[in-house]
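Chains as they are written, first to last, in the numbering used here: chain B, 24 to 383; chain Y, 25 to 219.
Quick caveat, the hints were computed from the structure, so don't treat them as lab data.
Don't take every hint at face value.
Pair by pair, the computed Cβ-Cβ distance ranges are [unchecked claim]:
1. R59/Y / A363/B: 47 to 55 Å
2. A308/B / S86/Y: 30 to 38 Å
3. E198/Y / A366/B: 24 to 32 Å
4. E69/Y / V348/B: 19 to 27 Å
5. A204/Y / P346/B: 31 to 39 Å
6. E65/Y / A360/B: 32 to 40 Å
7. G336/B / P82/Y: 22 to 30 Å
8. S103/Y / P346/B: 17 to 25 Å
Residues from chain B that face chain Y, not an exhaustive set, calculated with beta carbons under 10 Å [said to hold, decoys possible]:
9. Q123
10. I124
11. K128
12. Q135
13. V139
14. F187
15. A285
16. D340
Ideal Cβ placement from N, Cα and C applies to all residues, glycine included.
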Amino acid sequence: MTPQSPGIHTRRLTWLALAALAAGLAWAPAHGQDGAKALNLLGSFLRQAAPAEAPAQPQQPAAPGGMLGNLLGAGLAPSGGNRAASAGNLIGLLSQSLEQIDEPKEIEIGRQLAAVLLGSKPLHPDMALQRYVNQLGRWISLQSARPQLPWTFAVLDDPGFNAFAAPGGYVFVTKGLVDQVAGEAELAGILAHEINHVTGKHHLQAMAKSARAGLLTQVIGSQVRGELAGAVSAQFLSLGRDLYSRGLDQSDEFEADRNGVALAARAGFDPYGLVAVLQQLRTAAPDNPLFALSLSTHPPAQQRLDLLEQAMGNRMDNLAGQPAVTVTQRMEGLEAARTASRADAPAASVPAGRRVPVKK
Amino acid sequence: MILSKFNRLRALVSCMVLLGGGLAQAQNEALHVKRPAELREAPGENSRSLAPLAARTPVTRSGARQGAWIQVRTAEGASGWVHMFDVGAAGTAAPAGAGTNALRGLTSFFNKGSAQGGTITATSTVGIRGLGAEDLARAQPNPAAVTQAEGLRQDADQARQFAAAAALSSRSVEPLPAPAPVQAAPAGGFINNNN
């Protein structure tokens, strides 16, 4: 479940503001935003945009074409050199074609975005829960269009209700979400939705969109080259923060809902799990701070439900009806099975123990 | 300060646990019937009808979900099951006109935009909120945590073992068709996903 954006005009304004920041502020936005108490990131960008324009001129490192050139569309036809030739220039590649981003590059981009998310909230310390979510997510991802990706699932130590994905197979859910879903089918629906953001390359598309608009291209592109080596550049950091604060294209959210329902069903789960979660989101007050980001970055839950109803009709009803299992019940069941197999272990280990002297 | 914030957070979390988490929110939700339907004795289209439900009949979510079916109670006190898609949140517009409905939702969503910022400020005095844009704005990348998360990966065999233990088996399911773009995404590109 990822994000949404307010609309074309505001989105464009955001990018204009971001471009101004990119050109001039030398990555002060982190400090600038500390003062911004409200979640209205757009507002804070716009407020900062005006002062940013002045220092933009002196601080802009003479990039060929320059930011003005980018704004005018020259970014797509770089004046100097063949952009495609610089393989490390991920954002440059994004501006041309997603197909030029091979799987290792996609995973590397995802790692960096995952580092931003894990920089905002740590991993939850419950390792049994982390293992369970990985088992559940990996099982669902096996039924996806990209079963061979190195899928990584993680629970963030956060009381809010949200889930995130990053390219290359990184999927995050908050502890608050795990605690508040009614059962495993609901959690499976959410993971399936996120998995479809990955298989659909929705985050790459969101980044490509800004790259194609010619904004940030050169500033970021010049930095990402060194990034495959390890460190996350300030520019990439800013991009990641922005991506997860604003969300994805609405149509990508609807697609991930639709495909998520089918994917969860394919993995043997009740297809109505995700529908139930959206009903739950619908009842959440928009000012509930535990839901604030997921509500502000996604299309309204009622709209998502309406579209799912149109897509599903009653064609999934005969795939539903599994007995409901809560996350706690499942984890206890798995633990009991593990304990039972451990109880068997001593018997099996007797011969192994006997082998020790033999070895000698 | 951080400590007290943490304590308040814990208090809220335990509160939510006591309330039964998300279920508490879904239950008692005021709904209305979107189209003529039946109040059924049990989940499923073939179950006995307890009473007809006219469009716009108010009902209250009263309990569990089983597949597509949820338990509701009528104003008259009758209790039974309806299909989730046959009910909508009370107060959200007319039945049938899904398009209008969605557009209205969108409008109100935008209208809440400015109010939302104010509310966040107000609630931040309570000190409890979920991961938000502020956290993201402050985030410093943590590649070590990514490495740790990668260390917790499960491979395909482990996933299959889990599925076997959970009695889950894969099945063939056709992709769902994309609905006609009546009120879908506001034009922004990427309608062709294979570009």
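Evaluation of the provided hints:
1. R59/Y / A363/B: 47 to 55 Å: Once the Cβ atoms are compared, 49 Å apart, the range 47 to 55 Å for A363/B and R59/Y holds.
2. A308/B / S86/Y: 30 to 38 Å: violated (21 Å)
3. E198/Y / A366/B: 24 to 32 Å: Violated - the Cβ-Cβ distance for E198/Y and A366/B, about 43 Å, lies outside 24 to 32 Å.
4. E69/Y / V348/B: 19 to 27 Å: Once the Cβ atoms are compared, 24 Å apart, the range 19 to 27 Å for V348/B and E69/Y holds.
5. A204/Y / P346/B: 31 to 39 Å: holds (36 Å)
6. E65/Y / A360/B: 32 to 40 Å: Check passed, 36 Å falls within 32 to 40 Å.
7. G336/B / P82/Y: 22 to 30 Å: For P82/Y against G336/B, whose Cβ atoms are near 25 Å apart, the range 22 to 30 Å holds.
8. S103/Y / P346/B: 17 to 25 Å: holds (21 Å)
9. Q123: violated (13 Å)
10. I124: violated (13 Å)
11. K128: Where the cut-off is 10 Å and the nearest Cβ of chain Y is about 16 Å from K128/B, the hint is violated.
12. Q135: Because about 7 Å separates Q135/B from the closest Cβ in chain Y, which is inside the 10 Å limit, the hint holds.
13. V139: Holds, because the Cβ-Cβ distance from V139/B to chain Y comes to roughly 5 Å (cut-off 10 Å).
14. F187: For F187/B, the interface hint holds, since the closest Cβ of chain Y sits about 9 Å away, which is under 10 Å.
15. A285: At about 5 Å, which falls below the 10 Å cut-off, the nearest Cβ of chain Y leaves the hint on A285/B intact, so it holds.
16. D340: OK, holds: D340/B within 10 Å of chain Y, min 5 Å.
The structure does not agree with the numbered hints 2, 3, 9, 10, 11 stated previously, though it agrees with the rest.
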